[in-house]
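J.: Protein chains in written order, with the working numbering: chain B, 175 to 632; chain E, 83 to 511.
What the hints contain is simulated information worked out from the structure, not anything from laboratory work.
There's no promise every hint is true.
[Stated by the list, open to error] In silico SDA-like cross-links for lysine to any residue, where the CA-CA straight-line distance does not exceed 20 Å:
(1) K152(E) with R548(B)
(2) K177(E) with P557(B)
(3) K152(E) with G325(B)
(4) K332(E) with Q345(B)
(5) K469(E) with Q441(E)
(6) K177(E) with G549(B)
(7) K177(E) with V356(B)
(8) K332(E) with A569(B)
(9) K481(E) with E301(E)
(10) K481(E) with P312(E)
(11) K177(E) with I286(B)
(12) K177(E) with M571(B)
(13) K332(E) with S627(B)
(14) K332(E) with L203(B)
(15) K481(E) with Q380(E)
(16) K332(E) with F546(B)
(17) K177(E) with S627(B)
(18) K152(E) with A289(B)
(19) K125(E) with A569(B)
(20) K486(E) with I286(B)
(21) K152(E) with A569(B)
(22) K427(E) with Q441(E)
(23) K177(E) with F344(B)
(24) K332(E) with L346(B)
(25) K152(E) with D567(B)
(26) K152(E) with D550(B)
(27) K177(E) with T473(B)
(28) K332(E) with P198(B)
(29) K177(E) with L346(B)
(30) K177(E) with V632(B)
(31) K486(E) with A215(B)
[Unchecked claim] Computed footprint of chain E on chain B, listed as stretches where at least three residues anywhere in the stretch have a Cβ under 8 Å from a Cβ of chain E:
(32) 246-253
(33) 350-361
(34) 559-567
No residue lacks a Cβ here, since even glycine has one placed at the ideal position from N, Cα and C.
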Amino acid sequence: MIRRGGLALGLALAPAGALACALPPSIILTLPTGHYMAGAAGVVALTALWGGAARRLPAFRARLLLERAVFLPETLTSYLSFLALLGLLFLGFTGTRDPMHNLLTLVFWTGIWVALPLASLIFGNLWRALNPWTGPVRLVRHLIGRTGGIGLSRLGHWPAVAGLLAFLWFQLVALSPDDPLVLAQVIGAYWLVVFLLAVLEGEDWVQEGEFMTLYLGFLARIAPFWLEIDGRRARLYAGLPGTQILRLPPLTPSAVIFVTLALAGLTFDGLMETFFWMALIGENPLEFTGRSAVQGVNTLGLLAVWALTAGSILGALALGRRLGRHTGPFWASAGPAMLAFLAIAAGYHAAHYLVTLLTSGQYVLAAMNDPFFRGDALLGLEPFFVGFGFLTDQAAMTAIWNSQFALILGAHLLALLLALHLSARLGDTRAIAHLPMTALMVGYTVLGLWLLSSPRGV
Amino acid sequence: MTTDLAGLKTNRRTVLGGLAAGGALMLGAAPRFVQAQSSAPIKLGFQLHRTGIGAAYGRWYERTTQAALKLLNDQGGINGRPVEIVFEDDGTDPKRGAEVVEKLTTQAGCDLIFGPLFSHVVIGSAPRAGELKVPYLVCSEGYHVASGMLNRWTLQPGITDVRAQVSSMAPWVMQNLGKKVTMVFPDYAFGHDHRDFFTEAVKAQGGEVIAQIAIPPTETSFTRYLPQIPAETEVLYHVMVGPAVLTFVKELGEFYGSGARPQIFGFIDSLEAVDTAAPGLEFLEGTHFWEGHCRVKQADAPEWEGTYRAAVGVDDNGASVSDARDVSTYAHMFSCWETLFVIKKGMEASGYQSTADRQKFVEAIEAMTAFDAGLDHVQGAKTFNGKTHQVFGQQFISKVEGGKLMRVHATSIEDGVYPDAVDYTAQSF
Numbered sequence: 175m176i177r178r179g180g181l182a183l184g185l186a187l188a189p190a191g192a193l194a195c196a197l198p199p200s201i202i203l204t205l206p207t208g209h210y211m212a213g214a215a216g217v218v219a220l221t222a223l224w225g226g227a228a229r230r231l232p233a234f235r236a237r238l239l240l241e242r243a244v245f246l247p248e249t250l251t252s253y254l255s256f257l258a259l260l261g262l263l264f265l266g267f268t269g270t271r272d273p274m275h276n277l278l279t280l281v282f283w284t285g286i287w288v289a290l291p292l293a294s295l296i297f298g299n300l301w302r303a304l305n306p307w308t309g310p311v312r313l314v315r316h317l318i319g320r321t322g323g324i325g326l327s328r329l330g331h332w333p334a335v336a337g338l339l340a341f342l343w344f345q346l347v348a349l350s351p352d353d354p355l356v357l358a359q360v361i362g363a364y365w366l367v368v369f370l371l372a373v374l375e376g377e378d379w380v381q382e383g384e385f386m387t388l389y390l391g392f393l394a395r396i397a398p399f400w401l402e403i404d405g406r407r408a409r410l411y412a413g414l415p416g417t418q419i420l421r422l423p424p425l426t427p428s429a430v431i432f433v434t435l436a437l438a439g440l441t442f443d444g445l446m447e448t449f450f451w452m453a454l455i456g457e458n459p460l461e462f463t464g465r466s467a468v469q470g471v472n473t474l475g476l477l478a479v480w481a482l483t484a485g486s487i488l489g490a491l492a493l494g495r496r497l498g499r500h501t502g503p504f505w506a507s508a509g510p511a512m513l514a515f516l517a518i519a520a521g522y523h524a525a526h527y528l529v530t531l532l533t534s535g536q537y538v539l540a541a542m543n544d545p546f547f548r549g550d551a552l553l554g555l556e557p558f559f560v561g562f563g564f565l566t567d568q569a570a571m572t573a574i575w576n577s578q579f580a581l582i583l584g585a586h587l588l589a590l591l592l593a594l595h596l597s598a599r600l601g602d603t604r605a606i607a608h609l610p611m612t613a614l615m616v617g618y619t620v621l622g623l624w625l626l627s628s629p630r631g632v
Numbered sequence: 083m084t085t086d087l088a089g090l091k092t093n094r095r096t097v098l099g100g101l102a103a104g105g106a107l108m109l110g111a112a113p114r115f116v117q118a119q120s121s122a123p124i125k126l127g128f129q130l131h132r133t134g135i136g137a138a139y140g141r142w143y144e145r146t147t148q149a150a151l152k153l154l155n156d157q158g159g160i161n162g163r164p165v166e167i168v169f170e171d172d173g174t175d176p177k178r179g180a181e182v183v184e185k186l187t188t189q190a191g192c193d194l195i196f197g198p199l200f201s202h203v204v205i206g207s208a209p210r211a212g213e214l215k216v217p218y219l220v221c222s223e224g225y226h227v228a229s230g231m232l233n234r235w236t237l238q239p240g241i242t243d244v245r246a247q248v249s250s251m252a253p254w255v256m257q258n259l260g261k262k263v264t265m266v267f268p269d270y271a272f273g274h275d276h277r278d279f280f281t282e283a284v285k286a287q288g289g290e291v292i293a294q295i296a297i298p299p300t301e302t303s304f305t306r307y308l309p310q311i312p313a314e315t316e317v318l319y320h321v322m323v324g325p326a327v328l329t330f331v332k333e334l335g336e337f338y339g340s341g342a343r344p345q346i347f348g349f350i351d352s353l354e355a356v357d358t359a360a361p362g363l364e365f366l367e368g369t370h371f372w373e374g375h376c377r378v379k380q381a382d383a384p385e386w387e388g389t390y391r392a393a394v395g396v397d398d399n400g401a402s403v404s405d406a407r408d409v410s411t412y413a414h415m416f417s418c419w420e421t422l423f424v425i426k427k428g429m430e431a432s433g434y435q436s437t438a439d440r441q442k443f444v445e446a447i448e449a450m451t452a453f454d455a456g457l458d459h460v461q462g463a464k465t466f467n468g469k470t471h472q473v474f475g476q477q478f479i480s481k482v483e484g485g486k487l488m489r490v491h492a493t494s495i496e497d498g499v500y501p502d503a504v505d506y507t508a509q510s511f
C-alpha cells in the first residue's frame, strides 16, 4: 500500500494513516433493523397471499379535481428553464470552485436529481414544464421551417437507456461529478447533443429518447395528483398512488430495460458504499482510498448489478408465465408487469436520497439565498450555518429511518397491488403464477432496507 | 457564503465569488491595508476534503479557515496585502489531490497550498507539490512529514503528529490510570500507529501492554472480542472509529455491566464531531480521552479562546452556535487556523512578494523555532523543528464528567518529542 512507502524506517516507525476516518457513528446501526426487515418481508408476503386469494383489490380510480385553461404554455416555461440552465452553466464555468457553494452543482445534484423527483412523486410531472429542450427545439424548428424527422423514434427508448447508463457511470464512478467545471462541460455537451438530435427528429422525441425526461416522467407516474394537458386545457386529477400507472400502455422492451437500469443504478448507488461491497473489492471502508482506486471495479459492479437486476426481474416474469401457463409473446406480459416496478423505483429513490435532501438541501438554500456571496437574502433568510447535527441525534435519525422504512415498504406493497391488478388484466387465474414475482418483491424489500441500514464507508 | 454568519460576510465574496470585481471591491471596503509593493491580493489555495470520506472534517476545516481569513484580513492581511483563498475539492482522493495541487498552482495561480488532512491524500499530493516547487502546508497529523517520507516543500506547522500525540499520553496514563494496558484498535494503519507508538511509550514508562486486540475494519459487532480483554487489565486503551463506534460503546457497557471495570482511555478521533452526552454513550462517563484541543471551554480558558470560538461559530461545548447537536471537529480544526497564521509569519519573515519567493518562504518557515500561544495559535504554544518540518505542541487529557469532556491534564511539549528521522534542510529544493 502507498502508505507503507519506500522510505519507511522499520515497522515501528513506518508512516501510516494518521487520521482514522471521518465517518460519523451510525445511529441506525444501533436500531433493531433486522426486526424491521423481517417484519417488512412478512407484510409483503402476507399481502401477496391476501391479494392473490381475495381477488379484491383496491380500485385505482382517477378523480377530476379541476379543469382550467393552460396558464403558462410549456414552450415558454421550457424556454425560461433553458435560460436558467445557461445561467447555471455560466456559474459552473466561472463561479466558485467549491461544489457546495456553486449553484450549478447544487441545483443539479440536489435540486434536479433529488428534490425534483421527490416533489414529482406527489405533484406529478413537474419536469414537463422545466424541460430545457422542448421550447428551444420547437422554436428552432419553427424558425428553420423543419417538420419531418430522421427516424430516431424507431430506436424507441434505447437512446435513453444509453444516456442513463452514461449518466449513472458519471454519477457513481467518474472521478469528479461534483466539480462545477466538469459538470458544466458534461451538461453543456449533453444538452447540445440532445438539442441537435431533437431539432432533426422533432421535440416529441425528447420524451422518448432523453433519459432524464423519461426517468422523471416514470417516477411522476406514482403521484396522487397529476395534470393532464390537452391542447389549451389542463385537467388536474387525483387518485391513489399508482392510478396513473394502470392507465399507461404496457412498457415496450426498451422501456422495460430502462426501468431495470434505473433500479440497478439506485441499488448500486447504495451498495457501493456499504462495508459489504468494500470488503468484496478489498477496500478498507474506514480509510476508503477514494474513487480513483475503484473506478474499474465499480464500473464492473454497476454492470453486474444491472445484469442481476434485469436477470432476476425478467427471470421471475418468465417463471411466472410458465407457472401460469401463458402462451403469448414474452414482452406482451412483461411490459405490463414491469409497470409495477415504477413504484419501487420511486419509493427507493425517495428513501435513498432523503438524507441528501436534508444535508445538501441546506447548501442549496444558502446558495440561492445569497448566490453572489454579497450577503443578500433573496429568499428572505438570514445568513445561516449549515447544520448536520441531526445525523448524530437519536430521535432525528430514528425518525429518518422510520420514514425510509415506510417509503420502502409502502413502495413494495403498492408494486405488489399494481402487479396483481396488471396480471388480472392479462387474465391470470392461477395463483401460483404470482409466486416468483412475490418472492422477488419480498427480496427487493429486504434488499432496499438492508442497503439503507448497512454500515457505510463513504 | 453558506457557513457564515452576518459578521463574516464582508470578505467572503472575494474569497469565493470568482467575480473579477471582488478584489477591487474589498480593497475599497477595507482601507486598513497599507501601501505595499504590490497591492494585489495574496492568493492561497486550500485543498479541501469537500466530498468523499473526509467530508465531515472538510466542512469544519472550511468553516474554520473562513473565520481565520476574516480575522487575518481584518488585521491588515499579509505584508499589507489582502488575502484570498481558493477552495478546491479533492474528493478525499489522492489522484484528485495531485490534480488539485496542480490546478491551484498553475491555473488559479495560488502562491501556496494548505489544508489537506487525510494521510493518503497528502502522501499522494505532496510529490506533485515538490515537482511544481510550491509550498504545501498540511494539516494532517500524519507522521509522514516528520518520518522523511515527503519533501522539502511539504511542511506541517499547524498540528502535532500522531506519533507525538500518542507518545505524550503514556506518562500520565501510567502514573494515574495503571501500568497494565490492553489495547483495542482497528486492524489497519491507523490502529497500528497507536499500537506501535503507545506500546513503545508505555515500555519507556515502565508499564506493559498485556494484550493487543486488533479488530477487522469491517466488523460492526464486538461482543466476541471483548472477552479477550485480560481480567488483570488496569487500563483499556481504545481507538475504535467509524459507523460502529456507538455499537462498540454500547457493547462494552453491556460487557462490564455495573460491575468493576478497568480505567478506560481513548482517542477523541472515535467521537470527534459527536456529542459525548448523547444517549447511548453513558458508559463513557468517567473515562478519559486524548484531545488535541479541548472541545468544552475550560474554566481557565484564555481570552482568545472565546474570540476563536465566536469567529468560527461554535459554543462553549464545541457545537455550532446555530445547532447544539452539530458538534465540531474541535480537536483537529484549529490546525487550519494556526497554519494560516504561520503562513502570514512566513511570508512576512521572507518578505514574500510573488511566486518567485516561494523558496524563501520555505526557508523562513524552516528557520522558525517556536510559536507563542495567542489568538494566532489558539491551541497553545508550540515548538517547530525546521529539520523535520514538524510542529510540536501540548496535548490534553480530558475526563467525561456529566457528559462533558473536562481537562484533567495538559502534557508538556517535551512529552511528545522524539528523535529526528530526517533533515529536510539538507535536501535540495
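J.: Check the structure against each numbered hint from earlier and tell me which ones fail, lowest number first.
T.: 2, 3, 4, 6, 9, 10, 11, 12, 16, 17, 18, 19, 20, 21, 24, 25, 31, 32
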